[in-house]
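S.K.: If you want the building blocks of each chain, they are given just below.
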Amino acid sequence: MKEIGTIACHTISVIVDNEAGVLARVIGLFSGRGYNIESLTVAAVDQTGERSRITIVTSGTRMVIEQIKAQLDRLVPVHKVGDLTIDGRFVSRDMALVKVAGTGEKRVEALRLADTFRARTIDASANSFVFELTGSADKLDAFVELMSELGLVEVARTGAVALARGPGGL
Amino acid sequence: MTATETKARASEAAAAPPILSGAAMIIRALTELGVEVVFGYPGGAVLPIYDEIFKQDGIRHILVRHEQAAVHAAEGYARATGKPGVVLVTSGPGATNAVTGLTDAMLDSIPVVCLTGQVARHLIGNDAFQEADTVGITRPCTKHNYLVKETSDLPKIISEAFYVATNGRPGPVVVDLPKDVQIEKAPYVMPGQREHRTYRPQVHCDDKAIREAARLLAAAERPIIYSGGGVINAGPEASDLLTEFARITGIPVTSTLMGLGAYPASDKQFLGMLGMHGTWEANHAMHDCDVMLAIGARFDDRVTGRIDAFSPGSKKIQVDIDLSSINKNVAVDLPVIGDACNALAQLVAIWHEEKLGQGQPSLDTWWQQIEHWRTKDCLAYEDSTEVIMPQKSLERLFALVKDKDPIISTEVGQHQMWAAQFLGFDKPNRWLTSGGLGTMGYGLPAAVGAQIAHPDRLVIDVSGEASFQMNLQELGTIAQYKLPVKVFIMNNEYMGMVRQWQDLTYDGRRSESYSETLPDFVKLAEAYGIKGMHVEDPAKLDAAIQEMIDHDGPVIMDCRVAKIENCFPMVPAGAAHNEMLLPGDVVGKPKDDEALAVV
Ligand SMILES: Cc1ncc(C[n+]2csc(CCOP(=O)(O)OP(=O)(O)O)c2C)c(N)n1
Ligand SMILES: [Mg+2]
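For the record, the sequence lines run as chains A and B. Just so you know, the first sequence maps onto residues 438 to 607 in our numbering. Just so you know, the second sequence maps onto residues 4 to 602 in our numbering.
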């Protein structure tokens with residue numbers, strides 16, 4: 438389908454049976470049919486480990502987004518598909534671990550900024566920190582950019598995890 | 004399951020479950036699931052299963068000559084019976100050879116369960132001899148696939164595989180079986196419930212939506228039913244209901260390539276096939292209709308032509324079991340999710356219940372318009388006394404076989420489109436053709452599968468000389484099992500469909516589309532102990548066809564037809580339905596590169 442209409446970003450939540458190959462199936466669907474993946478996170482989410490939740494941030498026209506959801510729904514081990522972006526209000530968080538090395542003034546400044554961003558220090562040595570930070574992708578971007586002036590060594594980031602607001606669940 | 008079977012199972016469950024090898028479990032599970040035939044080819048990684056096959060006689064194994072053909076044969080079997088087709092192949096090359104067949108079954112939504120051998124569990128990932136990542140390779144070309152890791156899981160997985168292959172939108176399912184899993188022993192416990200833990204396709208249509216569909220159709224002045232392969236997949240009852248619904252509403256019916264036979268071709272409400280090589284009346288009616296009921300059809304690009312000019316003024320209702328088929332290519336106004344059979348039953352019921360016929364506007368003007376389109380006689384061709392025209396060969400074939408209710412398979416090319424145009428099917432499950440993937444080499448093995456299912460029926464593979472050579476090794480299978488398949492090769496010495504496109508859109512540069520160095524098909528047949536025939540004189544055509552039909556056994560007929568005939572009508576590259584070409588029309592080259600790219 439030719440792209441007609443505006444392209445919007447959607448956060449899609451998928452509950453899947455936690456079986457071998459299920460992630461490959463989901464990713465293969467996106468690459469095989471040419472859909473975008475902005476980010477994707479996955480982990481088991483029940484006590485028995487039978488179900489996983491995949492959170493996918495994707496973008497496309499209304500028709501493409503509908504196709505993505507229908508194609509996901511069609512996969513045999515997919516249990517439920519929800520579009521958080523259109524189903525109502527939702528909360529979404531990314532997490533980053535940010536390693537900064539330095540001494541003196543820069544080190545102090547890094548720590549001060551981390552505090553402002555409400556990052557936690559989860560590792561420290563005489564000349565380095567690893568900060569843990571959660572928030573929107575924008576917030577993490579902003580923090581990483583500030584750290585690049587202050588001895589940024591490396592970054593590890595997750596994609597978004599998200600849930601609908603209010604008492605209801607998928 | 005019968006009551007005795009249920010009881011037997013219950014008492015068995017009470018006793019300790021039997022301890023069986025994985026291979027024995029596989030055969031037992033297949034038997035319990037009602038499998039009668041397996042199409043396969045042996046190899047190292049499936050030897051334990053073949054040993055179990057040797058020891059029993061409940062399941063019949065048909066030895067093909069190539070694994071691709073095993074899958075096509077299973078597809079032919081499935082299409083001709085409505086039951087799932089079953090395939091058994093070895094690991095590595097056996098599995099990779101099956102991939103084309105699996106993709107074919109995927110695109111045409113054919114229920115197939117394919118068992119593949121795999122190297123032993125401890126060798127997986129080691130590049131072991133004949134190891135291939137079968138579940139990885141087949142993931143995008145199957146509806147679902149499994150790698151069995153524990154012998155005790157076998158009964159459940161196999162029963163689930165059949166459930167998934169046959170429920171919802173049907174499709175191929177692969178079960179990959181490591182050799183040591185086949186050898187190890189474990190308790191055999193077949194689950195009572197045959198289903199999938201979470202997979203529950205919606206089969207019943209939402210009452211409100213289907214009611215609205217019925218009302219839209221009742222208010223339409225120029226309605227049309229566009230029926231597809233989904234109606235065939237929904238079983239013969241769906242075809243009966245489609246016919247009933249069309250009769251009570253008076254609505255004209257057109258069909259996709261895959262849907263032929265769901266509505267009787269001989270009925271006056273049938274407009275013929277639509278799409279690229281569809282009839283003038285079907286395509287014009289699609290273009291001009293005001294309400295369209297698409298049922299079990301997916302708006303394939305071969306059907307729609309230029310998408311932005313496709314049936315521009317109509318309200319579109321789409322009934323499909325697969326949500327992802329809806330709004331994929333064409334935006335529809337009223338989507339209805341559900342099984343075609345249920346949908347049609349509901350439509351018929353609502354039509355009677357709400358007495359919708361009474362308020363229906365007269366369709367007379369619409370039918371007059373359709374009759375006018377019909378006067379174009381779009382399938383007419385210029386006959387010859389010198390050479391057999393390809394259309395003529397099929398017209399005569401049809402005239403001479405139609406009373407025998409034949410099953411027809413085809414290969415891919417011009418002959419396939421002509422067969423769709425000139426052979427009429429009044430009932431479902433008699434037309435076996437590769438629509439979605441367009442796989443040359445499909446027809447011969449598909450005919451094998453159909454003939455195995457129906458040993459006493461007349462089964463004909465309408466073939467092209469090029470396609471025939473893609474799976475001709477299956478003549479060995481035909482000879483071995485004495486299958487009376489008739490192969491009707493419409494030999495035009497060209498990959499005719501390729502040549503047609505080259506002539507129409509590449510200024511006649513016939514690049515590599517001539518069928519060089521053809522074998523002598525009569526001698527080839529004889530080499531397999533099969534009757535070979537050849538005809539090229541139009542005056543002898545009828546007698547030759549009759550001799551082919553009357554022969555008690557397989558026949559390869561080399562029917563020499565006109566070499567440079569094009570298949571019309573034709574919706575050319577990047578054109579709309581109402582811009583269709585007929586023979587003699589000056590063919591314009593595609594308007595732009597974009598048009599050239601979509602064909
Ligand atoms: C496996 C495969 N390879 C290539 C093609 C492309 N193709 C479509 S039709 C055709 C020519 C078929 O020639 P023939 O079987 O002689 O049939 P005809 O068109 O002459 O009736 C080709 C090469 C295909 N459909 N399938
Ligand atoms: Mg040919």
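The hints are simulated quantities; they were obtained by calculation from the structure and are not laboratory data. Worth double-checking, as some hints may not be accurate.
[Unchecked claim] Residues from chain B that face chain A, not an exhaustive set, calculated with beta carbons under 7 Å:
| id | residue |
| --- | --- |
| 1 | 142 |
| 2 | 143 |
| 3 | 167 |
| 4 | 201 |
| 5 | 326 |
| 6 | 327 |
| 7 | 331 |
| 8 | 387 |
| 9 | 388 |
| 10 | 401 |
Even glycine gets a Cβ: it sits at the ideal position worked out from N, Cα and C.
S.K.: Against this structure, judge whether each hint is valid.
M.R.: Going through the hints against the structure:
no.: 1; hint: 142; result: holds (6 Å)
no.: 2; hint: 143; result: holds (5 Å)
no.: 3; hint: 167; result: holds (6 Å)
no.: 4; hint: 201; result: holds (5 Å)
no.: 5; hint: 326; result: holds (4 Å)
no.: 6; hint: 327; result: holds (4 Å)
no.: 7; hint: 331; result: holds (6 Å)
no.: 8; hint: 387; result: violated (44 Å)
no.: 9; hint: 388; result: violated (49 Å)
no.: 10; hint: 401; result: violated (38 Å)
The structure shown violates the earlier hints numbered 8, 9, 10.
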